[in-house]
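Peer 1: Use these hints to put chain U with the ligands onto chain W, whose structure you have.
So the protein sequences, as listed, match chains W and U. Each residue of the first sequence is one higher than the one before, counting from 14 in our numbering. Each residue of the second sequence is one higher than the one before, counting from 14 in our numbering.
By construction, these hints were calculated from the structure, which means they are not laboratory data. You may find that some hints are simply not true.
Any copy will do: because identical chains look the same in the list, a pair fits if it lies in one copy or spans two.
[What the hints assert, rightly or not] Quick list of in silico lysine to aspartate or glutamate cross-link-like pairs, DMTMM-like style, CA-CA up to 25 Å: (1) K423 to E171; (2) K136 to E43; (3) K378 to E266; (4) K195 to D456; (5) K136 to D96.
Protein chains: 2
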Amino acid sequence: MSRRIAIIGAGPSGMAQLRAFASAAAQQAEIPEIVCFEKQSDWGGQWNYTWRTGLDEHSEPVHSSMYRHLWSNGPKECLEFADYTFDEHFGRPISSYPPRAVLWDYINGRVHHAELVPGRLLKDAVRFSTAVRQVSSHSERGYLLTSEHLPTGQQSTEHFDAVVVACGHFSYPHIPAFEGIKTFPGPVTHAHDFRGAESLAGKDVLIIGGSYSAEDIGIQAHKLGAASVTFSVRTQPMGFGWPDTLQEWPLVERFTGSTTHFLDGRTRSFDAVVLATGYRHHFPFLAPELRLVTANTLYPDGLYKGVVFEGARDLYFLGMQDQWFTFNMFDAQAWFVRDLILQRAVLPDPQSQRRDIQTWLTRLKSVQSVREDVQFQADYIADLIELTDYPSFDLDTVVETFLAWKQDKKENILTYRDRCYRSVMTGTLAAPHHTPWMEAFDDSVEEYLRE
Amino acid sequence: MSRRIAIIGAGPSGMAQLRAFASAAAQQAEIPEIVCFEKQSDWGGQWNYTWRTGLDEHSEPVHSSMYRHLWSNGPKECLEFADYTFDEHFGRPISSYPPRAVLWDYINGRVHHAELVPGRLLKDAVRFSTAVRQVSSHSERGYLLTSEHLPTGQQSTEHFDAVVVACGHFSYPHIPAFEGIKTFPGPVTHAHDFRGAESLAGKDVLIIGGSYSAEDIGIQAHKLGAASVTFSVRTQPMGFGWPDTLQEWPLVERFTGSTTHFLDGRTRSFDAVVLATGYRHHFPFLAPELRLVTANTLYPDGLYKGVVFEGARDLYFLGMQDQWFTFNMFDAQAWFVRDLILQRAVLPDPQSQRRDIQTWLTRLKSVQSVREDVQFQADYIADLIELTDYPSFDLDTVVETFLAWKQDKKENILTYRDRCYRSVMTGTLAAPHHTPWMEAFDDSVEEYLRE
Ligand SMILES: Cc1cc2nc3c(=O)[nH]c(=O)nc-3n(C[C@H](O)[C@H](O)[C@H](O)COP(=O)(O)OP(=O)(O)OC[C@H]3O[C@@H](n4cnc5c(N)ncnc54)[C@H](O)[C@@H]3O)c2cc1C
Ligand SMILES: Cc1cc2nc3c(=O)[nH]c(=O)nc-3n(C[C@H](O)[C@H](O)[C@H](O)COP(=O)(O)OP(=O)(O)OC[C@H]3O[C@@H](n4cnc5c(N)ncnc54)[C@H](O)[C@@H]3O)c2cc1C
Ligand SMILES: NC(=O)c1ccc[n+]([C@@H]2O[C@H](COP(=O)([O-])OP(=O)(O)OC[C@H]3O[C@@H](n4cnc5c(N)ncnc54)[C@H](OP(=O)(O)O)[C@@H]3O)[C@@H](O)[C@H]2O)c1
Ligand SMILES: NC(=O)c1ccc[n+]([C@@H]2O[C@H](COP(=O)([O-])OP(=O)(O)OC[C@H]3O[C@@H](n4cnc5c(N)ncnc54)[C@H](OP(=O)(O)O)[C@@H]3O)[C@@H](O)[C@H]2O)c1
Numbered sequence: 014m015s016r017r018i019a020i021i022g023a024g025p026s027g028m029a030q031l032r033a034f035a036s037a038a039a040q041q042a043e044i045p046e047i048v049c050f051e052k053q054s055d056w057g058g059q060w061n062y063t064w065r066t067g068l069d070e071h072s073e074p075v076h077s078s079m080y081r082h083l084w085s086n087g088p089k090e091c092l093e094f095a096d097y098t099f100d101e102h103f104g105r106p107i108s109s110y111p112p113r114a115v116l117w118d119y120i121n122g123r124v125h126h127a128e129l130v131p132g133r134l135l136k137d138a139v140r141f142s143t144a145v146r147q148v149s150s151h152s153e154r155g156y157l158l159t160s161e162h163l164p165t166g167q168q169s170t171e172h173f174d175a176v177v178v179a180c181g182h183f184s185y186p187h188i189p190a191f192e193g194i195k196t197f198p199g200p201v202t203h204a205h206d207f208r209g210a211e212s213l214a215g216k217d218v219l220i221i222g223g224s225y226s227a228e229d230i231g232i233q234a235h236k237l238g239a240a241s242v243t244f245s246v247r248t249q250p251m252g253f254g255w256p257d258t259l260q261e262w263p264l265v266e267r268f269t270g271s272t273t274h275f276l277d278g279r280t281r282s283f284d285a286v287v288l289a290t291g292y293r294h295h296f297p298f299l300a301p302e303l304r305l306v307t308a309n310t311l312y313p314d315g316l317y318k319g320v321v322f323e324g325a326r327d328l329y330f331l332g333m334q335d336q337w338f339t340f341n342m343f344d345a346q347a348w349f350v351r352d353l354i355l356q357r358a359v360l361p362d363p364q365s366q367r368r369d370i371q372t373w374l375t376r377l378k379s380v381q382s383v384r385e386d387v388q389f390q391a392d393y394i395a396d397l398i399e400l401t402d403y404p405s406f407d408l409d410t411v412v413e414t415f416l417a418w419k420q421d422k423k424e425n426i427l428t429y430r431d432r433c434y435r436s437v438m439t440g441t442l443a444a445p446h447h448t449p450w451m452e453a454f455d456d457s458v459e460e461y462l463r464e
Numbered sequence: 014m015s016r017r018i019a020i021i022g023a024g025p026s027g028m029a030q031l032r033a034f035a036s037a038a039a040q041q042a043e044i045p046e047i048v049c050f051e052k053q054s055d056w057g058g059q060w061n062y063t064w065r066t067g068l069d070e071h072s073e074p075v076h077s078s079m080y081r082h083l084w085s086n087g088p089k090e091c092l093e094f095a096d097y098t099f100d101e102h103f104g105r106p107i108s109s110y111p112p113r114a115v116l117w118d119y120i121n122g123r124v125h126h127a128e129l130v131p132g133r134l135l136k137d138a139v140r141f142s143t144a145v146r147q148v149s150s151h152s153e154r155g156y157l158l159t160s161e162h163l164p165t166g167q168q169s170t171e172h173f174d175a176v177v178v179a180c181g182h183f184s185y186p187h188i189p190a191f192e193g194i195k196t197f198p199g200p201v202t203h204a205h206d207f208r209g210a211e212s213l214a215g216k217d218v219l220i221i222g223g224s225y226s227a228e229d230i231g232i233q234a235h236k237l238g239a240a241s242v243t244f245s246v247r248t249q250p251m252g253f254g255w256p257d258t259l260q261e262w263p264l265v266e267r268f269t270g271s272t273t274h275f276l277d278g279r280t281r282s283f284d285a286v287v288l289a290t291g292y293r294h295h296f297p298f299l300a301p302e303l304r305l306v307t308a309n310t311l312y313p314d315g316l317y318k319g320v321v322f323e324g325a326r327d328l329y330f331l332g333m334q335d336q337w338f339t340f341n342m343f344d345a346q347a348w349f350v351r352d353l354i355l356q357r358a359v360l361p362d363p364q365s366q367r368r369d370i371q372t373w374l375t376r377l378k379s380v381q382s383v384r385e386d387v388q389f390q391a392d393y394i395a396d397l398i399e400l401t402d403y404p405s406f407d408l409d410t411v412v413e414t415f416l417a418w419k420q421d422k423k424e425n426i427l428t429y430r431d432r433c434y435r436s437v438m439t440g441t442l443a444a445p446h447h448t449p450w451m452e453a454f455d456d457s458v459e460e461y462l463r464e
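With the rest of the complex left out, here is chain W:
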């Protein structure tokens, strides 16, 4: 009987895993039977926008945290696939910061018409609208996986020899409680359920959090006319050159109605609260002993090469790192996992795995600067690519692009998305977008590609 592999999730990571197998099959390798489970009705993961919040039409937790007017927050040159470039997809240079729908188009383009094996579309390996409910170790080897076809409620339990978990980790909101928050009379929304800043026009908005979601929802609110935006930051202030109506304050201590008390004793009244307090790595469908337990970090402990679960055989995780790199990192991971499954690569013994993990963790601890942080992830990817046939690319130049991006944001947080970068894959310099980001209010593919 042929071996069977389950992939859980068809976001960028799961799609990368499918692509990795297709690429081996195209080179005449024999590949096992692959089943990819995706609870949404289409692929693309976070990039598959929905207006829904909370629970979806099947009462499953809504997956995507993206919102209207979301544009890439890093240069596309940092996430480009090494085996499918923006030039190949769009046929001409585009800007460095495309909106969500354009990036979905790009991810989709690589695999939409592709075959997994000759005569069988890669997309046909995906069971859409099907949620994985339960994965547990089989007594002999491999896993029993129970899935549910959401429109019919039909469940089935199947055996798989290996499982690749690619369900993302920016979907289950981390929602801390603050004293008195239930007395706050306006809307209290976690970033996960934020769908657009239009209703914040004219409002005084409080955003709790000091990372990417806080920053971007803050400038969205500003762009769409908020009267003021106050960031409440627990540790590290973001320190951008904010416009006058945007300010960073300390952490909230408590709420009494619409009055918010800050730890430094100041108080202020707000109309709306957005909790941009991050996400939880959460795997309700995995048996407890199979769950990865980690904070949002560049090197989750317990994963050899960032993907092989230490606690059980033949269980892999993709994309579980905090992310400087995204799409091309998922590729590097997927190619390596593929090679392990195809037994082209061999796992060292557990002690050697542990030593390798420990080396990375030790290095991560000693990171002192943003440059070292980005370089850490670049080196991690380089290490993976070395082990596979994924096309290698100039990772060190991408590190420089990240640092230039950081500098652009420091210079002007409202205009950094108007800058253009050069692809390390094709050498193409991005074309400036026809409209400055602060004036772009239509984020459709059609408008974006309009000449």
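Peer 2: Positioned in the frame of chain W, the structure of chain U with the ligands alone reads:
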């Protein structure tokens, strides 16, 4: 070995089941081991308010759909427990329409200090913060139930001889899609995630739906200063004497941005949309063959006496009916289920069960008026009480109270909550509340009980 009974949920229905067993134990009956699983950290079900929406701190679907300023929408005299009256709890007459917190206090009061068996508090039979994940038939008899302690992720699988499902059916929102809804720029909130109307002040609000949630959220919005409220109703208009700024319109056909197109061709622009489109009976934790499948109706098909699941032995459902009656109906059901479990009552053979169900379904089909509808549920309860030792009460007078309530609402939808009714349990006439409902903006127990 003693028999073991699982109760899923500690809302009013699950608490009624616990109380039913306690009441038998107090009369020296031997009762089986009871374990009640409750995913929230306290009991009260819907009445246990939370400011959270979507997913809770453990990434579980938030249960309660209640909101700030929610007051009973029917007279408390219609839901009073026959074995624990409002007089007994509050020691003096209170008004007919208490706010949420006061009703929670009442439900809690009956069981808070009660013992399940001598020396063991009833509350100690509840495993709080513990979600039931999976229930399946055991190969021999009874059920295997897997639960998870949410704070620790610890799972355990146990055998139970019988399972009582008391998880409610107003928690999983039914959220239909409307063409173009994703282009609507304001907040789109299902009633389940609605927490208060304060942010609707000055706004033009569209509410889709024509039942209790639509009606009450509409008048809340009005009470808290909405500029206008437009109800979009699919079938039966509510037909109340609305204030000028509240109107009933036909169903929405589609949205183009903030412009809403109605089926009659009219268009109008809104600031916010509330979907008051009801809930789904949803049992993700039950094996598919154990799931009750029903719409929101007074007599779900497949439940003998409205509680005994036809498709499997020793599986019971409480409170799955659409609800005129609530707390005292749950009691009648719980007492009957208790007696079946204690083998004080006997189940007839399957054919007789089916005939009994069919008789009720046939009667329900022939219902022509509101009176007949209420009487239907009253007779259903009377039928149950007859089979148990739950204190019988004057159900026909309660039917009259429901009809008078209906009439009050017709007369004035904004002031019906100022009316007072007489308890059929104690004969006590409710005391008028110190503040008319339209002027009451503090819904705390303290304010309510202030002399
Ligand atoms: C608001 C936001 C903005 C972002 N913006 C950018 C950006 O500009 N640039 C960038 O590079 N990255 C961005 N990211 C990072 C993003 O995480 C990655 O780009 C990428 O989407 C991660 O891919 P993934 O496949 O690992 O996870 P996801 O994209 O999250 O996909 C996981 C998939 O698994 C499915 N799934 C989950 N559970 C189950 C189950 N039990 N059964 C079946 N299917 C399941 C989901 O439906 C989903 O399709 C953003 C993230 C967020 C939250
Ligand atoms: C907005 C709103 C307003 C209402 N107002 C009134 C009113 O004014 N008067 C009135 O009489 N009725 C009202 N009701 C009706 C209400 O349904 C009943 O009063 C009552 O709460 C139903 O009790 P229950 O125990 O059957 O369900 P619930 O109250 O829904 O309780 C179910 C319990 O099961 C728990 N649970 C669910 N799934 C699991 C699981 N997998 N594992 C463990 N625990 C689980 C939940 O956490 C919850 O505590 C209202 C309902 C809603 C939605
Ligand atoms: N394309 C875009 O424009 C866009 C927009 C949004 C998000 N994203 C992506 O989405 C991903 C997630 O970003 P994120 O910002 O949501 O998560 P994140 O990077 O994990 O940041 C979480 C933030 O929440 C704060 N926080 C956590 N608990 C808190 C508490 N109890 N009190 C106060 N603050 C608390 C953290 O503060 P501490 O530092 O003190 O822990 C941190 O600032 C990233 O990959 C990002 O790139 C992209
Ligand atoms: N205490 C309080 O003040 C209070 C407040 C709110 C709710 N509640 C309680 O909560 C419970 C639930 O009430 P509910 O009103 O949420 O649910 P409900 O009574 O089941 O009503 C659902 C409503 O949604 C409509 N609907 C469903 N699908 C639709 C669609 N596709 N398009 C348009 N309309 C659609 C239905 O219209 P059709 O008739 O056309 O099907 C119906 O009007 C009740 O027990 C109620 O008493 C109490």
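Peer 1: Next, verify each hint and record whether it holds.
Peer 2: How the hints compare with the structure:
1. K423 to E171: Classified as neither; 51 Å inside a copy, 57 Å across copies.
2. K136 to E43: within (19 Å within a copy, 59 Å between copies)
3. K378 to E266: The answer is neither: 30 Å in one copy and 57 Å across copies each exceed 25 Å.
4. K195 to D456: Intra 35 Å, inter 13 Å, cutoff 25 Å: inter-copy only.
5. K136 to D96: For K136 and D96, only the intra-copy Cα distance (18 Å) is at most 25 Å; the inter-copy one is 61 Å.
Comparing the model with each earlier hint shows violations of hints 1, 3; every other hint is respected.
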